Amino acid sequence: MQLSKNKKYQYLFFSILSIFIILNGGNSNLFIQLNFVLISLFFLYCLKDKNYNLHLKNFYTNNKNSIFLYVIFLSYLIFQILPLPVNLLKFFSPEKYILLINLNEVSHSSISFSPSNSFFQFLNFFTLLLVVFILKMTFYTEKHKYRLYFFLSIFGFLTSIIAVLFYLNGNPDLFIFKNSYYKSASSGFFINRTVLAIFLLFSLISSLELLKNFEFNKKRKKEQFFLKIYIRLIVVFITIGIITTFSRIGNFLLLITILIYFLNELFFSKNENQSFKIIILFIVFFDLIFVGIYFGAYEIIDRFYFLKEEFSAIPDGISNISRFDIIIFGYNEFKNFIFFGYGSGSFENLFQLKFINLSNQFANHAHSDLVEFFGEFGLVGIFFIILSFINFFFNKKNYTLINLIVLFYLIIILLFDFSLHIPIIQILFLIFLILNKKSFTS
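In terms of this note's numbering, the numbers along the sequence shown are unbroken and rise by one, the last being 450.
If you are wondering where the hints come from, they were derived from the structure by calculation, not from laboratory data. None of these values were measured; they are calculated from a predicted model. Careful, some of the hints might be misleading.
Beta-carbon label-pair distances, calculated as ranges [to be verified]:
1) Asn73 <-> Ser192: 42 to 52 angstroms
2) Lys343 <-> Asn177: 38 to 48 angstroms
3) Phe416 <-> Leu274: 17 to 27 angstroms
Backbone N, C-alpha and C define an ideal beta-carbon position, used for all residues, glycine too.
Construct the complete structure from the given sequences, taking the supplied hints into account.
Here it is, written out as structure tokens:
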């Protein structure tokens, strides 16, 4: 069977996403470079097609102000890593200037405390812009969107199975997969269990949307009979994957997701879809029975208490600092670097500088994306990135059920986690927010 042009391009994009996912969500400077190269090459390949070129031009025409503001933001990231005369840092970074005046040999320094990390973060944010362009060029109908959902469902299913198998075998380190830190929780391809949970939540939404579409599309009911069975099994395995991460944020967002879908079907949906309601209720009962029997009744409630970890001391006897203390530290450093920040990807260096006698094992992120982004970019950078996306929030067509769920994820993660610093999670947020507008072509 010969593939259509759209399928060829979309499957190639899925292959690139697969590499992102398998390689720890692209979460290292090396993988960020690889992500940038792959996405850039694919973007240039898409430009060869006249129709895709036209789609890009239309998107640029309708959103040139937002794109221009985002390019200014990217330029600002470059500015943060440029070596400036130390005297200029009196204005741009007074706190860093104070740290440097005792080093007589230093004549130039950047705003960023880690120029190399900041450069790779620039590549990452540039990659995100290219991903937006690619989505607008190659995914422009409902069929394309559901094709993407199917990919995420299948890959979420495979990721969940692998993560649970690793978990049942004590999470051994295997090749590039470093799972030994979480001996009592699933983490799969990712170094952090919450990142796995967030990824699987997007896969779960994809699967649920496929099931809704199958119920709505009566014309191909016979062809979709077995496919619906497979997707229901995928939903079960993805749910198991989320549960066994024991990520309190992940399990809390799972509960909220199921609750929103159920309430929508009960009170707002115009389609009498009893089968989908049964699936939602099944997930709830399966969740309670699975956790209650396998892990004990205490875990049924305790796994949703995601604020508990924020006030707990960091394990392994390293220090008495809790995650909440690190968030407070990040907030105080934001105030110290309020206007121009301390550089994207520089939190770990700053933490090591201020807490020389402590291990840096738990200090590479502030455990609150909101606090960390404000500290990294400063008010100037935050101003430009907010302006870049402000049109999205003023467009009523963007407020679909899925986007409301995704925006709720965004708020919780920004406040209480660092998953939004992981490239694949950033890309998934972009994919869902872009492809779930009310005006999406049928």
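Hint check results:
1. Evaluation of the 42 to 52 angstroms hint for Asn73 and Ser192 yields a pass: the beta carbon distance comes to about 49 angstroms.
2. The beta-carbon spacing between Lys343 and Asn177, approximately 46 angstroms, falls within the hinted interval of 38 to 48 angstroms.
3. Between Phe416 and Leu274, the C-beta spacing of about 18 angstroms keeps the proposed range 17 to 27 angstroms intact.
In the structure shown, no violation is registered for any of the earlier numbered hints.
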